[in-house]
Amino acid sequence: MAVRAKAMGRAVARAPRDTAHEGFLGHRRGRWLKVSAALSLTAILAYALIDQTPRPNGGTALGYALGTLGAGLIVWLSLIGLRKRIITTGPYSLKGWTSAHVWLGLSLIVIATLHSGFQLGLNVHGLAYVLMMFVILSGLWGIYVYARLPALLSANRNEMTQPQMLAAIAALDRQLDTAAQPLGRDEADLVRMSIEGCDIGGSLWARLTGRYPGCGNSRAEAAVAALVDGQRRTGTADPRLVQILFLLERKGAALAQARRHVALKTRLELWLYVHVPATFALLAALVAHILSVFLYW
Amino acid sequence: MSERFRIAIIGSGPAGLSAAAHAAQLGLSHVLLEKTDHLSDTIYKYQKGKHVMATPAQLVLRAGGGLAFAAGKREAILGSWGERIAAAGVNVRLNAEVTAIAGAGDAIPGSVQAIVTRKRDGSSETRELQRHAPPYRLTLADGSAIIADTVILAIGTQGNPNLMACPGAALPHVQYQLDDPAAYNDEHIFVIGGGDAGIENALGLAADAAQGNVVTLVNRSAEFSTAKDANVKALLAARDAGRISIMTGTTTRAIEPGWVVLDTPEGEVRARCDRLIARMGSAPPRGFIEGCGVEFASSDRLAYPKLSAVFESTAPGIFVVGALAGYPLIKHCMNQGHDVVEFINGNTALLPADEPILAEKFTGLPGNRSVSDWLEFLRSRVSILAGMSLLQMREFMLDSEARLYRAGEVIFERNAPGSSLFGIADGEVRVEIDPGNPAITVALPQGSIVGEVGLISGRRRGATVRAGSDCILVEISRTAALRLMSAVPSARREVDRLTTERSVLQIAAIVATAKVETIPAGKAVISEGDSGDDIFIIRSGSMVVERQIGGKPVFLNYVPAGSFVGEMAVIDGGTRSATVRAAVKSDVIRLGGAAFRDLLAAKPDLLARLRAEMATRTAMNAMIESKKDSFRGLVDMYTGVANFLVENGVGEATDVLLIDEKLCVGCDNCEKACADSHDGLSRLDREAGRTYAHLHVPTSCRHCEHPHCMADCPPNAIHRGPTGEVYIDDSCIGCGNCQRGCPYGVIRMDKVPPKKPWLLSWLLFGQGPGPGEPDAKWSKKHAHAEAPKKAIKCDMCSGQSGGPACVRACPTGAAIRVSPEQFLTVALLDRGQG
Ligand SMILES: Cc1cc2nc3c(=O)[nH]c(=O)nc-3n(C[C@H](O)[C@H](O)[C@H](O)COP(=O)(O)OP(=O)(O)OC[C@H]3O[C@@H](n4cnc5c(N)ncnc54)[C@H](O)[C@@H]3O)c2cc1C
Ligand code: HEM
Ligand code: SF4
Ligand code: SF4
Ligand code: SF4
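Chain order of the listed sequences is A and B. In terms of this note's numbering, the first sequence opens at residue 1 and continues consecutively. In terms of this note's numbering, the second sequence opens at residue 1 and continues consecutively.
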């Protein structure tokens with residue numbers, strides 16, 4: 001066995017790994033929070049103590065230093081997108097990356113503002129600043145959803161997987177189809193409405209709110225419920241219709257769960273569709289900002 | 001008058017076919033008897049289009065009559081065998097099930113076989129069978145008989161399905177197998193039996209509503225305790241979706257044409273039934289074989305018949321080959337079929353085909369010995385091997401290694417995972433018993449074994465072991481060791497004795513009072529408030545410690561194999577302060593309290609060590625108790641989560657993936673990372689699995705102490721690696737036994753997808769499917785050659801210097817891989833607070 005093991009390149013000693021049960025914000029007992037705070041404090045102190053003539057802006061020595069640091073940070077912060085997707089075998093922790101990303105990203109507020117010396121105008125420099133703040137704000141939005149939504153997603157899932165949710169709905173559709181066979185044309189059409197007229201994905205708005213105003217199932221459910229109610233008032237309800245109403249109600253519940261699932265997943269992702277394109281815009285503006293500084297001194 | 005043959009071959013699997021073809025080629029009078037209406041039933045029943053693999057690659061094939069075998073599709077192999085068998089003029093009789101074999105000659109003096117039958121209630125009954133000399137009379141199911149001088153038993157290990165016993169069981173609409181669920185339409189079908197086979201059949205029949213089948217599953221008990229969780233869930237979901245009816249607590253009373261009568265808890269029910277599929281498990285062929293006078297090596301479920309070096313059983317003239325002889329690979333089966341006919345024909349000098357493989361194993365060793373001399377050397381010098389035959393030694397060596405260690409060389413290190421056992425054939429080894437001081441050692445002499453703790457508990461090595469002088473050791477893999485212990489009862493006793501002795505530090509007085517006991521899951525060995533003072537060493541399995549607080553049991557601690565429990569009462573006196581229950585089926589060594597107290601008096605350093613351990617346990621208990629008033633909810637939560645984990649098999653895990661669903665954002669980066677670092681196939685299913693209080697146990701391997709998946713792997717492709725991971729090597733033949741064996745459903749059967757274009761070309765130009773597992777459509781479109789389906793599972797990212805990729809790639813820290821003793825402690829309490 002050992003011979004075989006060697007041939008397969010197995011490890012003989014276990015790789016060190018992070019088994020700490022802590023989220024990314026508190027990674028390694030808040031290491032990056034501390035680094036970021038220290039960085040910001042140093043920048044503030046330097047700004048306050050170092051004499052900058054004629055006046056603080058990007059052109060002084062400190063301004064250059066802060067600017068270089070800020071630009072470097074922005075480029076590094078953008079690289080998390082690659083780190084996330086290139087799976088290498090060495091020791092790295094995306095959690096550590098995210099932790100550093102968030103805290104160092106926040107420190108940019110201080111660093112970039114001090115770099116500007118509080119002079120912002122309606123020009124390419126100001127644009128870069130605004131875009132950066134926009135990216136950071138969208139990041140904060142991300143932190144908010146990452147903190148609040150996972151527990152809701154988990155509770156709504158209730159040990160069901162997404163494919164299982166879809167399968168459950170498909171199974172109810174098959175049962176509805178069978179149950180509708182003996183019905184008359186009009187009633188069967190109602191069932192058809194539920195089977196054919198239900199969306200789970202759909203437009204961004206629908207996915208986010210989980211509201212599907214034209215939902216075939218709710219319309220069918222309302223119509224069949226009205227029919228059954230009517231029959232009950234005049235005598236006994238048709239048991240086949242009662243069965244169908246029961247199935248429609250169950251499908252309604254299954255649809256609601258799947259739609260809540262989709263809504264939560266969409267909200268967990270949506271901010272990235274702002275954060276990432278804004279990052280690209282920021283990188284472009286940053287390049288323009290730096291070029292213009294050096295070209296048109 | 002029955003026909004007479006020189007050789008009767010029973011069973012037309014690869015072993016039987018090869019024997020028959022060779023007999024035909026040699027012109028020996030023979031008959032091949034097959035139970036079913038086709039050849040080679042086991043292979044016939046493989047899934048359609050299965051790619052059959054020809055392992056081990058180094059082994060040459062010997063098959064008579066021009067029979068060939070190379071890796072290929074099931075259909076092609078069966079087709080070529082059919083043609084060859086016809087061309088070679090083999091005398092085949094299909095639909096010829098042999099039901100009894102008895103010697104027709106005189107009684108053989110002194111040759112009496114004791115057959116022990118164990119009953120459900122645990123009692124057993126012994127019956128004695130007088131053996132008679134050949135020729136043998138073979139009785140067939142249709143009542144006819146055949147006379148043969150020698151018999152080759154090649155019936156495999158499938159056995160017979162348990163049959164319906166009620167009236168009407170012989171009606172034509174009763175069947176015991178379902179080949180193609182899609183073949184039946186608009187029928188009322190009853191499936192009897194709530195095991196995995198029954199559930200899978202029922203689900204298959206009901207899968208497509210368009211088939212219009214009305215499917216009912218009947219189970220004798222109220223629970224589906226023998227089936228896999230995933231199957232039971234799917235079944236209940238199918239019931240809730242109205243596709244299947246389930247009748248529990250129900251038995252069949254009678255079967256009538258077109259109807260079935262059932263005994264239900266509500267009384268008798270008569271229902272329409274066009275087809276009845278009985279899946280009530282199968283009886284292993286052991287009973288039939290013992291009835292022929294063939295003795296097994298032990299009463300163990302894993303045991304094989306006792307055989308001589310020429311495959312002859314304890315009944316003279318009855319030979320056993322193939323899977324039934326303990327060699328489940330097709331190539332081995334065919335070689336043995338050939339060899340046994342040679343032996344019967346008088347060529348006893350023939351060397352087996354695995355000779356070169358064994359020769360290679362001994363090449364690095366000093367002393368120019370032949371393979372059989374080496375085997376004899378090991379057998380005569382390692383005490384636990386003494387009871388084996390030469391044939392058993394050959395098979396045993398295929399899964400073991402013999403190695404030379406120079407004086408001072410490390411054999412294994414403390415805390416390294418490992419479950420193999422070492423036998424000392426030459427020289428001596430030294431065990432460093434004190435981790436603090438490597439100079440304190442105990443010598444183990446030639447003949448002894450070392451490493452048995454890892455074998456039994458499945459946990460890490462307890463001490464570093466070095467070669468004391470130049471020595472030759474035989475390393476016995478866990479599978480080979482288990483087989484050895486079931487084949488040779490004296491080996492089992494020896495291993496038991498040694499583990500007990502060594503766990504209590506070689507103190508003879510204590511060993512006398514020590515008893516090994518097996519504790520079923522959930523049973524307590526110590527109960528709070530009792531006055532006993534026995535102490536327990538957990539040999540395998542694990543235990544949970546709990547205490548009544550405010551009228552409810554509160555979880556205090558998790559104790560893995562290798563630890564003591566019950567020491568507090570011995571050291572401090574008083575009644576038991578907590579209850580200790582088995583988390584999974586566990587073996588413990590029970591020591592008398594009085595003897596243990598004497599031992600402690602004699603060994604103050606042991607006392608000090610125990611006191612230190614006790615102090616941490618007491619501190620933990622005190623901490624939980626202190627929280628009970630202010631943080632009642634927290635303590636309840638802690639107990640709840642701990643119990644949930646134990647219920648989900650974490651008690652037998654050594655390394656388990658957990659996801660904190662308060663952090664998981666559902667990005668599936670964990671699955672993508674797993675796929676991208678493992679041939680493009682993810683070995684974890686994040687969403688599937690149980691969840692409690694937002695703590696999720698996804699479907700991913702737990703690297704069990706005693707992996708169920710390993711139990712029945714024909715090429716022995718599943719191993720525990722040097723860092724504790726359970727992995728499958730390249731010799732997997734795709735039979736799916738491990739997938740069925742794993743109770744946690746973590747093994748998938750799949751083919752490796754084609755290589756994806758480089759990641760950057762996806763990022764920049766949108767080429768290829770992007771990170772993670774490619775979808776099935778893309779894989780199909782881009783696949784080059786036809787790849788076989790193999791078993792795929794987590795290997796704990798062994799060999800990747802960063803450790804588990806799934807954990808590294810999680811952006812939020814939701815995913816962690818931990819050992820249960822790491823997690824079921826204060827970390828869990830912190831979780832509640834955090
Ligand atoms: C799903 C699956 C996939 C596998 N894939 C591979 C692979 O790829 N490569 C590989 O090397 N191995 C593979 N194996 C293992 C291999 O198929 C078996 O170990 C092998 O077939 C055993 O051969 P045998 O001749 O000993 O017995 P079997 O092939 O089991 O044949 C026994 C025959 O005896 C007949 N029989 C039984 N009782 C009686 C009786 N009383 N009277 C008359 N006839 C009787 C049976 O009907 C059967 O035809 C696989 C096994 C399984 C289950
Ligand atoms: C100028 C500063 C920033 C830049 C350029 C930047 C850029 C990026 C980029 C490119 C990604 C990769 C997204 C992906 O590929 O999926 C990312 C992810 C992320 N960013 Fe930022 N970011 C910045 C600041 C921030 C700040 C201030 C925060 C938080 C307060 C933040 C929070 C996050 C989070 C939580 C992720 C997601 C990680 C993941 O799920 O993989 N970012 N950012
Ligand atoms: S595959 Fe299953 S049985 Fe095997 S070690 Fe993993 S969890 Fe245990
Ligand atoms: S440890 Fe490695 S192989 Fe196992 S699930 Fe995680 S990524 Fe996959
Ligand atoms: S990588 Fe982490 S956050 Fe993403 S799905 Fe997996 S466990 Fe959840």
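Incorrect hints may appear among the rest.
[To be verified] Coverage of chain A stretches by chain B, computed from C-beta distances (three or more under 8 Å per stretch; other residues unrestricted):
1) 91-102
2) 173-185
3) 277-285
[What the hints assert, rightly or not] One-sided excerpt, in silico: chain A residues whose CB lies under 7 Å from chain B:
4) Arg14
5) Ala46
6) Arg83
7) Ile86
8) Thr161
9) Leu270
10) Trp271
[Said to hold, decoys possible] With a Cα cut of at most 25 Å, we get these calculated DSS-like pairs of lysine-lysine:
11) B:Lys228 to B:Lys662
12) B:Lys35 to A:Lys84
13) B:Lys228 to A:Lys84
14) B:Lys789 to B:Lys751
15) B:Lys585 to B:Lys515
16) B:Lys515 to A:Lys265
17) B:Lys789 to B:Lys45
18) B:Lys45 to B:Lys35
19) B:Lys228 to B:Lys789
Since the hints were derived computationally from the structure, they do not count as laboratory data. Please read these numbers as outputs of a predicted model, since none were measured by experiment. Note that beta-carbon positions come from the ideal geometry of N, C-alpha and C, so glycine has one too.
Verification of the supplied hints:
{"no.": "1", "hint": "91-102", "in the structure": "holds (count 7)"}
{"no.": "2", "hint": "173-185", "in the structure": "holds (count 4)"}
{"no.": "3", "hint": "277-285", "in the structure": "violated (count 0)"}
{"no.": "4", "hint": "Arg14", "in the structure": "4 Å, holds"}
{"no.": "5", "hint": "Ala46", "in the structure": "33 Å, violated"}
{"no.": "6", "hint": "Arg83", "in the structure": "9 Å, violated"}
{"no.": "7", "hint": "Ile86", "in the structure": "6 Å, holds"}
{"no.": "8", "hint": "Thr161", "in the structure": "4 Å, holds"}
{"no.": "9", "hint": "Leu270", "in the structure": "12 Å, violated"}
{"no.": "10", "hint": "Trp271", "in the structure": "11 Å, violated"}
{"no.": "11", "hint": "B:Lys228 to B:Lys662", "in the structure": "28 Å, violated"}
{"no.": "12", "hint": "B:Lys35 to A:Lys84", "in the structure": "58 Å, violated"}
{"no.": "13", "hint": "B:Lys228 to A:Lys84", "in the structure": "36 Å, violated"}
{"no.": "14", "hint": "B:Lys789 to B:Lys751", "in the structure": "4 Å, holds"}
{"no.": "15", "hint": "B:Lys585 to B:Lys515", "in the structure": "17 Å, holds"}
{"no.": "16", "hint": "B:Lys515 to A:Lys265", "in the structure": "56 Å, violated"}
{"no.": "17", "hint": "B:Lys789 to B:Lys45", "in the structure": "17 Å, holds"}
{"no.": "18", "hint": "B:Lys45 to B:Lys35", "in the structure": "14 Å, holds"}
{"no.": "19", "hint": "B:Lys228 to B:Lys789", "in the structure": "22 Å, holds"}
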